[in-house]
Each structure stands twice: as C-alpha cells, then as structure tokens.
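Dock chain B with the ligands against chain A, hints included.
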Amino acid sequence: MLISRVAKLGACLAKHLPTRNYAAMSRLPYIQRTTNHHMQPPLSFTKLYNGPMIKKHNLFSTVTANNTSEEGSEQKEAISVTFVDKDGEENHIKVPIGMSMLEAAHENDIELEGACEGSLACSTCHVIVMDVEYYNKLEDATDEENDMLDLAFGLSETSRLGCQVIAKPELDGIRLAIPAATRNFAVDGYVPKPH
Amino acid sequence: MQKMAIWKAKQWLSRSFSSMPSNPLRVCVVGSGPAGFYTAEKMLKVQQQAQVDIIDRLPTPFGLVRSGVAPDHPETKIVINQFSRVAQHERCSFFGTVTLGSSISLSELRELYHVVVLAYGAESDRSLGIPGENLKGIHSAREFVWWYNGHPDGRNLDPDLKSTDTAVILGQGNVALDVARILLRPTTELATTDIASHALSALEESSIRKVYLVGRRGPAQAACTAKELREILGLRNLDISIQEPDLILTPDVEEGLTSNRIQRRVYELLSKAATSRPKNDAGLSKRQLHFVFFRKPDSFIESKDRHGHASGVYFEKTVLKGVGPGKQIAIGTGEFEVINCGLVLKSIGYKSIPVDGLPFDHKKGIVPNDRGRVLSDTSGDSILEEGLYVCGWLKRGPTGIVATNLHCAEETVSSISEDLEKGVLSSSSPKPGRDGLLQLLNDRNVRVVSFSDWEKIDSEERKLGSSRNKPREKLATWDELQKYTL
Ligand SMILES: Cc1cc2nc3c(=O)[nH]c(=O)nc-3n(C[C@H](O)[C@H](O)[C@H](O)COP(=O)(O)OP(=O)(O)OC[C@H]3O[C@@H](n4cnc5c(N)ncnc54)[C@H](O)[C@@H]3O)c2cc1C
Ligand SMILES: NC(=O)c1ccc[n+]([C@@H]2O[C@H](COP(=O)([O-])OP(=O)(O)OC[C@H]3O[C@@H](n4cnc5c(N)ncnc54)[C@H](OP(=O)(O)O)[C@@H]3O)[C@@H](O)[C@H]2O)c1
Ligand code: FES
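Taken in sequence, the protein lines are chains A and B.
Going by this note's numbering, the residue at position 122 of the first sequence is 122; the numbering climbs one at a time, nothing skipped.
Every position in the second sequence, counted from 1, becomes a number in this note's numbering once 1000 is added.
Read the hints as simulated data drawn from the structure, not as lab findings.
Ideal Cβ positions, reconstructed from N, Cα and C, are used throughout, including at glycine.
Keep in mind that a hint or two might mislead.
As the list claims (entries may be wrong) - List of simulated lysine-lysine pairs, DSSO-like, C-alpha gap at most 30 angstroms:
| no. | chain 1 | residue 1 | chain 2 | residue 2 |
| --- | --- | --- | --- | --- |
| 1 | A | Lys86 | B | Lys1422 |
| 2 | B | Lys1304 | B | Lys1364 |
| 3 | A | Lys94 | B | Lys1045 |
| 4 | B | Lys1321 | B | Lys1296 |
| 5 | B | Lys1304 | B | Lys1272 |
| 6 | B | Lys1045 | A | Lys86 |
| 7 | B | Lys1162 | B | Lys1286 |
Stated by the list, open to error - If the Cβ cut is set under 10 angstroms, some of the chain A residues that face chain B in the computed set are:
| no. | residue |
| --- | --- |
| 8 | Gly114 |
| 9 | Gly118 |
| 10 | Cys122 |
| 11 | Glu144 |
| 12 | Leu155 |
Isolated chain B (complex conformation):
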C-alpha cells in the first residue's frame, strides 16, 4: 500500500512540475463541498499564479451535495458536473481521505501553503439540552440523512422504523421537510433514486404511517421554503393536517409577511393546504403528515416497556412575543401536551466543530471572520490570522442553499485578492505546497485518494445502479469505498 502511495505521489510531482507557473501561490482548500469547490473555482480564475489543492476527509468529493441533498432531488446534484470540471483543472487537485485535525494539523498545513481556506462545513448538531435527549430512538436529522444518503459514517445508524407507527420531527426547516418526505414518500418512488440500498430496504419495511412536524413558532415563521413545502404537500397517498386556528395572524405578523416574500409564500401554501385538503379520508390514504405549530420540546418520555427507549415527547405550548420589527420568538405558556411516538428526529440545525489551533466562536458555532479572513478571536480588536480564510457553513453558520456558497466564496476570494494586493499576504517566499503535503502524508502512511480514484468509485456506483434502475448505487462503507480505489 505504501509503495502505491509513493508511486502516486511521484505521479503528482511530475504533473505539478509540468503545469505550474514558476512561482505559484500555494492554496489549500479544506473541504470539497460547495464552499470548497466554489472557492477553488474563483481562486483559479482570479489568481493565475494559484495552484489549488482541495483536501477532504472522505474519498468522495462534493460534501452535502452527495451526503445531504435528498436522493429524490437529482436536479440539485447536477452542479457536480461543474465541480468536476474544477477538479480537473490543470492547476487544481483533489486529495481525499485527508482529515484536517488527524492526518494533518492546521499549523502544518499553514506551514506548507501560502493560503489555507477552511470550508469543512458543519458535521455536528445543535442540541436541545432537555431531559431524555440520549434515549434510544432519538436521532439527529444529520445522522438520519447521512444514513439514507450512504455516507460511510452513517452506515451503522440503523434507525428502528419497525416498532412504531409514529415519528416526531423537531424543527420545520428544509432538512425537516427532507426527512419527513423520505419517511412518507412511497418507496416505489424512492427505489429509482440514488438512495442507499440499506435505507431503501429499511424504508420498505417501515411501519411509520404518521409523521408530526413540530415547530416552536407559527406557520408565518416556518423556516422551510416554498419549493420543499410544495413538494411534500403534493405527495401521493398522504393526508395533510394543519390546525386552522394556528393560521390566524396577529396584525404585527401579518404586516411583517408583506415584506418577506419567502415566508409569505410559505404561509400561503400552508393556508391553502389547511383548507383545500379533504379531511378524514384515512380510508383512502395510508399516511399522514401533521404540521404542529406553537409547541416547544420540553422533555422526552422514556418507554415503560422498552427500557432506555423514547416513547414520546412532552411539548410546552407557546405564544409569540415580538422582539423587534418583523421578529418574534416563542414563549412558553406553562401548558403541556404529549405526542407519543417511537422515533424522534431532531432537525434543529447543524453545528461546526473546531480543530486544534483554530479560533472559534462557540456561541455562534462559526470561525470568527471578517469577510472570510479568520480573526484571532471574537473581540472587537482581534488580529488577522495571516493566510487563513474561511468559507461556507463554517464561516456563516449552517444555513443557505448551494448557491449561497457561491457568493460566500466570491467574498472570501476577493478578501484574499485584496490582501495580496495590499501585501498583507505574499507568495514571494516559496512554500512546499502540494509536494510537501504529499511527502508528509506519505511519511505518515496516509493513503491519499485522487480525483481519478474517485472516478473509479463513481463509475462503479453508476454500474451498480444501472442494473437496479437507479442513477447510482452508492458504496456506503469505508471498506467498499477503499476497495475500489486500491
């Protein structure tokens, strides 16, 4: 294996000598999601001297486009074509299975490169901090999404979908709608997507018929967007239930809606669904989706029969309190209610994880930054971390669509360009860059996966998929993934 790595390293070395400008600006982007790829693309374009290496902890590139975006959203994944062209650019390389924080430290990376851009996303979860959160049957939406999308770290989740007919999803953002849709969509429709086969089998046997989507605020504050909402409201064989009194707006909220296009359109869709759906025709439709508003989770209930298992969620009812123009928060009323269920998915937001030596704002869950320039701390008079930048969810927090990262990358790259112009950042003293990285990884016996290795995985996945009428069958364990890159 080591021999192989050295051979590959040599291959890269010779390639880098042939295609490189004489005094390159060595850039390393950490993370190959949308933020990483858009950063690389913009860097290559505006800095003709730049040589860009993208590292990722996985052997597969594209971040959440592969492991987040729902399997029944193939159109959203088309952006992979554009990212692949970036990876194949002569001044760009992809190095998979390289983990910042274990394969290589941040300080080592900063020694090797003139510029390091951190775009490693948000791979943890916000927590509720309420009693019973660790009971079995409660998962974060992130883990559940990884599981159905074939992320190798989600393979062992094995959620129990057979012991209950009811799931509660906490949160009403787009991720909550994604996971609800996966639980409710007829599996015959999922079968022709790139959903992981272990997840498809489990969903085929699922006994879940009723899903509660619970928000702590009202239908005018729901975090989802119209596209995802429209889609779930139109699912086949699904009864939608929305309590009409929940749709009543206070004058304040109503006024706020006039200037917020997204929320207004979401509210209108929910109102239409509440009134236009035939009710009580359970005989016809097999599955139910209940939108529950004004309930905040208070604690989880442990099952009497199954030790250590959740059997329901206690909710406190809420009312809205205005805290500024167009802004309302949920306040508990002291009245409680239980929803019994055997499965809970917490979809209340992702959270980034800091690595050693990286300034981190634990309150906001982001790296403190000034338009992408990493700052030494969160105080007003903090200093710049030379050559260190940030982009994507790690920079802004875990919100925004794929396209948001495009503008985010434009901002970070323009900060880098400004710093180069001003001389705050310089590439005049040569740095080892790619050669140094590969040398160091080779010394540590870290086997690097190249973009062409990924293409082998890709073609294997497509091959496996085509025999099953799927666009691809994802290799969903570390072992399988490694097998195809050896």
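Isolated chain A, as found in the complex:
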C-alpha cells in the first residue's frame, strides 16, 4: 500500500521535476527504505557504494520510509521558500514539491553547506525554521536526523537538517535561517540558548 503510493509519487515527481541531479539529495539514501527507483543516487555516492550496503536498520533506529507523500502534493508544483543567510540577507526562491531544501539552496546559489551531499552524515546543512507554525508542519525528525542535529553548530529548538526538509504544499512560505558563525565552537555540539 505504502509502497505503491510512494512509487506513484515518484512517477509524478519524475514527470514534473527538472530531473538534473534531483535525487542527489533524496532522504536517508543509505538506510534501507521503500524508496522508488526513479531516484538514482548521485555519481559520487554510487562510487562509494559499489558493494552491498551495510544494513543500518536496527532496534535502536526509527526510520520513516516515506515523508514526501502528502495528500494533494500533485496539485501544486512549487512552493515559496525564503532563506535568510548569515548576514541576515533574504533570498526568495521557488522550490518544486519533493525537492530537499539543500538541493533547492544549491540550485539557487544560496550558501548552504552540504558536506555529505544529503546522506545524513555531516550536519553542515543545518537550518533554523524561523516560525514555529512551520516547524510544527514538518514530520518529526527521525532518530538518525536527531543524532546528526546533536552535533549541529548553533542548534536551536526549531533546527532541522536542510537535506531532510522536503518541499510540500503546507510549507509554502516557510522561512529558513542559515545559522551565523559564532565564536564559541570549541566544544562538540556547542548549544547556544534557544532563539
């Protein structure tokens, strides 16, 4: 049931999206999931993984298999997203439904780091959702995302990883801040006061 819905959505995405490298930033690519085969991993990723993958799924993990499949997602093709960069400057962009904020940022030359290219292993794509209402519209972060958020620089209560936030219609108008560098980063996962 779930699988067929995801597959349907995948087909729909493949039709609507400029496919250039779209799946590069797909969610949790290395965790076993019921993903659709329209999403090809990026080249670098394939190179690193030309062997059977190590199964990371276990008792201590929660994995959400599907998070882009929302009712009505076929109706709207792109949403408006505002990125507020380190200097407080605003960038308004359109993001196709189904695309991650990391990829959207890169397509629009917005400086959001993505050291692990969306494979949930670096925390450099950290963004702060500026309005709690939007934050609440996101699916809960998985344990794996939270594990990476633990180490994110300048963590706040509405922090998420940009590679894990996928555009969906309800997020139209979302504002994301890219955390500004502060002086104190000597400690792993230094946590400033929530905003």
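Frame of chain A, contents of chain B with the ligands only:
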C-alpha cells in the same frame, strides 16, 4: 627522478603565471585534512588576490577523512568531493610528500609566503603514564586506526589478534567506538568497505570475541555521541552488557543531563540497551561487548607465559566528584579489579606535535592562538607571530567532527582578513610563494606529488577495489604509493 621534478616544477610555473592576479597574497596551508581544505576554500573565496598552496606530508590528501574516518562510514567521506573541487581551483595547488619540519622548515616557509596556516592535526597520542604502558599487545587507537585505514605509517603495526579472545579498549569516545566496531563487526560486512586488505585478512582470522569498553566516569559522562553508539548497539550477532547499577544517577548528574542534549541522548540509549537486550544467550551470538564504567586504568599486567606481553589491566574503581556546575571528575576509591586480555587499545585522545620554531602549549597540546592568530607564548601579554595562523586540531585540540573544522576555518580566515584590513599583515612586498617553494624542494631533491598524481593513485585504488567489490583498495605502503605517481 630529479629531471621529472624539474619538469613538473616548470609545468607549475607556467600555470601559475597564466592564472594569477598580478600581486598575489601568497598563502601556504600545511596539512590537507578538513581544517586545511576548509581554510583554503574560505581563503580563496574571501581573498580574490590569494594564491593558496596546500602541502601535506603524505602523497594522499584529506587527512583523517581518509585515514581516520571508519571504513564502514562511506557517507562521511563524501566531503572529499568538495575538497577535490577546492584542490582543482585555479588559484589552489596541492603538493604532497612535503613535510613541514623535514622537507622544509617553518622559518623557510614563512620567508616564502605572506601567510602560513598550520593545519597539520594531531599525529601523536596522549599517554596514561602508568606502569606497563610499553608492553607488547598495547597500542594506541590512532595506530590501530591507521593500520585498518591503510595509512602508510600504520602498515607495520601488525596487531596480534590471534592469541587472545579478549580486547580492552580504554576510553569511551567515538574513536573507542570505532575501533570496537571494527573488532566486532562481521567481516563479511567489512569486506565491502575500503578497509585495508591486510587489516581485513587479520580481522578474518581474529580470535577476539569479547571487547571491554572501559570509561573512568559513568554513562552520563561518556564522550561518544548517539550516532556512533546507536550503530554499535545495533551490530549483528553481538551481545551488549551494561551493569544496570551503573546507570543510577545522582540528583546533580540527573539535573545536568536535562541541559546537555548529547549526553542525555547517549545516556538514554545506554539505558535502553541495558534493559532491552536479552541476556545470557551466548549460544546465539558469538561476540560480546561490555560497557564498563567507573574504572580508571592503574597499571598493565605482564604475562607470565609471554615475556614482555600484556595479559591484563588493573583498574581502580572510581566515584564521581562534582567540580563545578554539570562537571564531574573520577576519583579512585582504593578498590581494584583486573580484566584479563591479550590486546589493549588506548583510545584516550590524540596529541599534536610541535615543529621547530613554533610556539607550543605543551599542557593543552595546542599552538597558543587568538582566534587562529599564533601567539609567541601562552602568557597574557604575548605578541603575535606575524603571518602565522593555525586551524583544526592543532588549534583547538583533538576534538570535534569534520564540520567543526569548517567553523574553525571561518574563524581563522576572518582573523587573516581582519589583519589584512588593519595592515597588521600586508602583501605589498612580493614573496616568492609557490615558485620559491618548488625551487627549494627541487634543490633538496624532494619529489613533490601533485593533485593529478593523487588522481592516479585514486583511480588505481578504485580499479583495484572494483575487482574485489570494494569502493577502493587503498595503496597502503610508501612504495606502492610512489609507484603510481612516478
Ligand atoms: C579515528 C577517527 C575517526 C573519525 N571519524 C569521524 C567521523 O566519522 N565523522 C566526523 O565528522 N569526524 C570524524 N573524526 C574527526 C575528524 O576526522 C577531525 O575533526 C578532523 O579530521 C580534524 O581535521 P584537521 O585538518 O585538524 O586534522 P587531520 O585531518 O589530521 O589533517 C592533518 C593533515 O596534516 C598532515 N600532516 C601532519 N603532519 C604534517 C607535517 N609535519 N607536514 C605536512 N603535513 C602534515 C597529515 O598527513 C594530514 O593530512 C574522526 C577522527 C578520528 C581520529
Ligand atoms: N563518527 C564520528 O562522528 C566520530 C568518530 C570518531 C571520532 N570523532 C570525533 O573525534 C574526536 C576525538 O575522539 P576521541 O575518542 O579520540 O576523543 P574524546 O571524545 O575526547 O574521548 C576520549 C576518551 O578518553 C578518556 N580519557 C582521556 N584521558 C584518560 C585517562 N587518563 N584515563 C582514562 N580515560 C581517559 C575520556 O574520558 P573522560 O571523558 O573521563 O575524560 C574519553 O572517554 C571527538 O570529538 C569525536 O567526536 C567523531
Ligand atoms: S548534507 Fe550532510 S547531513 Fe545534510
């Protein structure tokens, strides 16, 4: 060989003439790990006049991303793509097999460049300073990691994994968890990673079935992070053992946990593992991992049968003593306990090594600095070392993930920019930079490995790997590495 070097030098010279701004700021970054590459990337971006050369003592770039990050963590290594783009930037060059301190001295480098940024990491180990530390069978985790990751200086470690069924790992940081996982993970799973082939063979024949991960403090102070912990707790065919009484928290510690997200989540995972794992089913699982808390190493025991070999570790039990808000240290109780084992891996932290002429804080193991600006000494009224900066583990000490070095580099580069603006640092008098460096190295017969030479190694490694269903088969000796760059 020398001819080759001159030819290459000429090639670089012509390239540098064509692509360079007229009056460049000559920058040399020492060390090509995350700190070095992030520094280069930020420098190139904010200083359009900068020409950046990255030198490294190895023919292979990327520092601990190649020789530290575990083979079963390929996602973490994806950052290499970004670093490679930096190395290919027209104002950037990589020069491998150039060692600061032997190929070239620090004072020579400072003569050649306007700015020198030291990012050469931490290539030594903290020591325990307890009796028996030099017995055979005791290694630092750093050496063991180099060995399984195919670092050419780790090739000869040859740890004995066949004479014992028990290993003790001292320390409970992420490195300790990495080495424990490598010892315990089914080798069929390791076989498809980029683990060094000599290490894979040794692990396939390993008789180690029981690993003790020993911390001097408790589960609420463990230095590891949830990601690594979750992974090891979920390994196949592994029994986890945690003494439930160790999980009892004092009110102080419990309160501290509420404001420390990392430690709270680690503690929760350990608690869950202690209670949810089936116990005593040794018949089903072949391997065991014991988390041992509140034990500090006191001395190593020499084997009666094998002269000069370790056969166990003496531990003193500890209790916590509060030394400030949310901070506890371990205090010995005078009660002792032995864990017998044939292999000990000390994973109590790395340590940086100073080079001649470099101010060094031996107590902290770092270069004294003010937001990346090297200071002449550790006293309050020390002076700035003009044009000399530091980044990464050498600047902050041996902690932090890859991303930490990004922010660290941002800080160092912004200090450099500030100094340029204020005129503390100037590029108005020309310096020889790259040409001078290559000339000097050529005079000394130092054969330099370029980034395209590294690409030859890289493609050879991938080729060797693909025939074995591995992402790469690392060339793990100096000879092999040199062969592919000739
Ligand atoms: C075992 C281990 C596993 C890790 N796993 C992870 C992980 O999974 N995820 C994560 O985010 N972080 C991980 N880290 C942390 C991460 O690797 C470090 O934060 C980071 O590499 C530090 O960067 P650096 O550039 O300061 O040092 P390094 O990466 O050590 O780079 C130093 C470079 O300097 C070179 N060098 C040394 N001496 C000289 C000299 N005299 N002259 C010229 N060059 C020299 C070395 O060859 C090396 O290339 C791990 C660390 C370790 C030790
Ligand atoms: N996957 C990853 O993200 C990953 C993987 C590997 C490494 N890293 C990072 O790399 C950095 C280095 O890791 P690390 O494990 O080497 O260092 P670490 O996290 O600082 O851990 C050091 C461990 O050694 C113990 N220790 C230190 N001195 C001791 C002594 N004299 N006696 C007994 N125990 C002693 C510490 O205990 P106390 O706490 O009591 O001092 C601690 O358990 C860390 O920041 C780590 O997060 C990250
Ligand atoms: S890009 Fe690495 S965690 Fe998102």
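*Which numbered hints are broken by the structure, listed smallest first?*
2, 5
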